[in-house]
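S.K.: Residues per chain are reported as follows:
Number of protein chains: 2
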Amino acid sequence: MPDNRSEAPSTEETEESEEQSTGGGGPAAVTIAYIAESAGVSVPTVSKVLNGRSGVSDATRARIEELIQRYGYRKPPKNRSNLVELVFRELESMWAVEIIRGVERAARRNKVGVLVSEFGLHDTPARTIDETVGRRPQCVLSVAWLSEEERDQLQAKSIPFVVFDPNHELPEGVPFVGATNFRGGQAATRHLIELGHRRIAMITGPDHPFCLARTAGYSSALIEAGLPMEPDLLVKAQLTREEGRAAARDLLSRPDRPTAVFTANDMQALGVYQAARELGLRIPDDLSVVGFDDVPAVAWADPPLTTVHQPLADMAVAATELALALGRGDDVPQVGVEIATSLTIRESTAPPRD
Amino acid sequence: MPDNRSEAPSTEETEESEEQSTGGGGPAAVTIAYIAESAGVSVPTVSKVLNGRSGVSDATRARIEELIQRYGYRKPPKNRSNLVELVFRELESMWAVEIIRGVERAARRNKVGVLVSEFGLHDTPARTIDETVGRRPQCVLSVAWLSEEERDQLQAKSIPFVVFDPNHELPEGVPFVGATNFRGGQAATRHLIELGHRRIAMITGPDHPFCLARTAGYSSALIEAGLPMEPDLLVKAQLTREEGRAAARDLLSRPDRPTAVFTANDMQALGVYQAARELGLRIPDDLSVVGFDDVPAVAWADPPLTTVHQPLADMAVAATELALALGRGDDVPQVGVEIATSLTIRESTAPPRD
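Chains as they are written, first to last, in my numbering: chain X, 51 to 404; chain C, 51 to 404.
Among these hints, one or two may not hold up.
Identical chains share a label here; the pair holds if one copy fits it or two copies do between them.
Computed list of lysine to aspartate or glutamate pairs in EDC-like fashion (alpha-carbon distance at most 16 Å, straight line) [said to hold, decoys possible]: (1) 207 x 181; (2) 286 x 300; (3) 161 x 180; (4) 161 x 371; (5) 286 x 219.
No wet-lab data here; the hints were simulated from the structure.
Just chain X, same shape as in the assembly (with noise of 0.2 Å):
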């Protein structure tokens, strides 16, 4: 009897909509019939493992699987309802703000409702993709982080993703929209170099892709200054504040501390003139700063801060339309996309005294 359950047709889940062509941007339209026929099985037992459902023998799952892949085959949308979820693993970040705003433009534009959900990893209740897949939008844009297995639920209900600046690395393919932040590295290093700097430090974070890219992008244009990289004038600590003091302290107790300190990020630099307050350093007679991401708050330090602008409005707006984009399946000439830093010149940075 199972054995005999597991070929045998079911109206519920068989859904037409699964017999239309895929999007997909391959030149042949490849149906769930096309696959059921290849396999030597019926449709739906195509749609049984479409949908991850139970009573298909191991070997027949294999076969089906194999085809799917290699037709490139994805079920198109259905029920879908008019709406794109933009997830937040925490909502705490400044720039939250800006993103959401970008969002909700591009979603405007588009007659799409705007989600927001906090999957919130440190709180009781915590949301979860089960509940975004439920909620069946549009697509999601997951700001700097997409699991594996998150990107494979959605990838099993045709839910299209786009992962917004990255925090890890994703394998190809991955659509994902960032930002230039090697070129924001070194366009930063370039203006203190112009400026005259030749101690010039650097505050890096953890190893996520950004911060590594804003670091060689650091080391880039000291190389091309015929600069040398000073191992000890490049310090790691995490994003905040409070870690961007202390590292800065450490950096201008020597006795030949640099003359500029360029940050992975704003709060890093916003520590950075905290430490040199309390050193009595006068910023930007004593010390240059150079920041990275250009948060709002940034404009009004004394002095303003100058640093690299991250265009998060921009970039949620491309993600979005990128999104939206490979939900209708549109064919997109480029899933990874990264849009251009610029240099913000504020009044944190001038030529070095000596």
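Once you've looked at the hints, dock chain C against the given chain X.
M.R.: Coordinates of chain C only, in the frame set by chain X:
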């Protein structure tokens, strides 16, 4: 013929859920059938009036509306999506993320999703309340503003709403959640008086209820302490850093300048910082400053700002719980709530030097 149609039953327009009892919290549950009987008309006619459709004579409509009003009939919700909608006019302010965070946390606990929309008054295309109504949320939270027309539209569709931190006068009975602005203004001014200040200026804002309440708190604390209300120490400015700076330049250039300034919001206080720097006055040695709101950036100002903390996340949680309770038809004791502010003393206030 038209006369006949006006009272004709229409299955399409008779929604069965309207037959059910109301929420509303009244002692007796009023049904649409009861209203129809009282008015001496058919149920579909009452339904037409409730849904704002034509085909009812003016006299009949007036009679039905009077009964709807008298019995406090509310259409029970139906086909609601499992979402709350949080409406902003402009997603600009630094505290938008705090509000979103509070709403999201309360929503998570109640297992509903959060839709964030920006009406974008100055943008094209703008969103409107029609879209919101079309998305059939459980309830609507509107930040700062909800016009009479918008309230009417939501009411017509029985979508409960709460105005978050209203910046305009609302008729009695319109649900809102705000902060204790009057008490906040009192606490700020009392703190300065306790430090020994006697010439305390206030930079206030436009005639929004929350500004008026903050200003009344300032005046009340002066009167309570037996200090004179000097009209030239109360100046008006927009709630921006630039306007705060201009107002402070004026106040601080006077020969009998104040020794302390209380501002209607934090941005104005940062403007006072700027003006003080420009005039060579040190904070808090030469001038004490107290802001209002406690946006994240002011803790990092130099010196960190003493300010009235507005518990935005708590307010957002309260507003969400209230809106959801109204949506469930719970018996809500009070639909207008002010959540307590608290004074956060940092380093911008000290006793006066003279």
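S.K.: Between residue 207 and residue 181, at a C-alpha cutoff of 16 Å, which is it: within one copy, between copies, both, or neither?
M.R.: within (13 Å within a copy, 27 Å between copies)
S.K.: Check residue 286 against residue 300 for me: Cα-Cα at most 16 Å, and say if that holds within a copy, between copies, both or neither.
M.R.: Classified as within; 12 Å inside a copy, 46 Å across copies.
S.K.: Is it within, between, both or neither when you check residue 161 against residue 180 at 16 Å Cα-Cα?
M.R.: between (25 Å within a copy, 12 Å between copies)
S.K.: How do residue 286 and residue 219 come out at 16 Å by Cα distance, when the copy is not named: within, between, both, or neither?
M.R.: neither (20 Å within a copy, 52 Å between copies)
S.K.: Between residue 161 and residue 371, at a C-alpha cutoff of 16 Å, which is it: within one copy, between copies, both, or neither?
M.R.: This pair counts as within: shortest intra-copy Cα distance 12 Å, inter-copy 28 Å.
Checked against the numbered hints given earlier, this structure breaks only hint 5.
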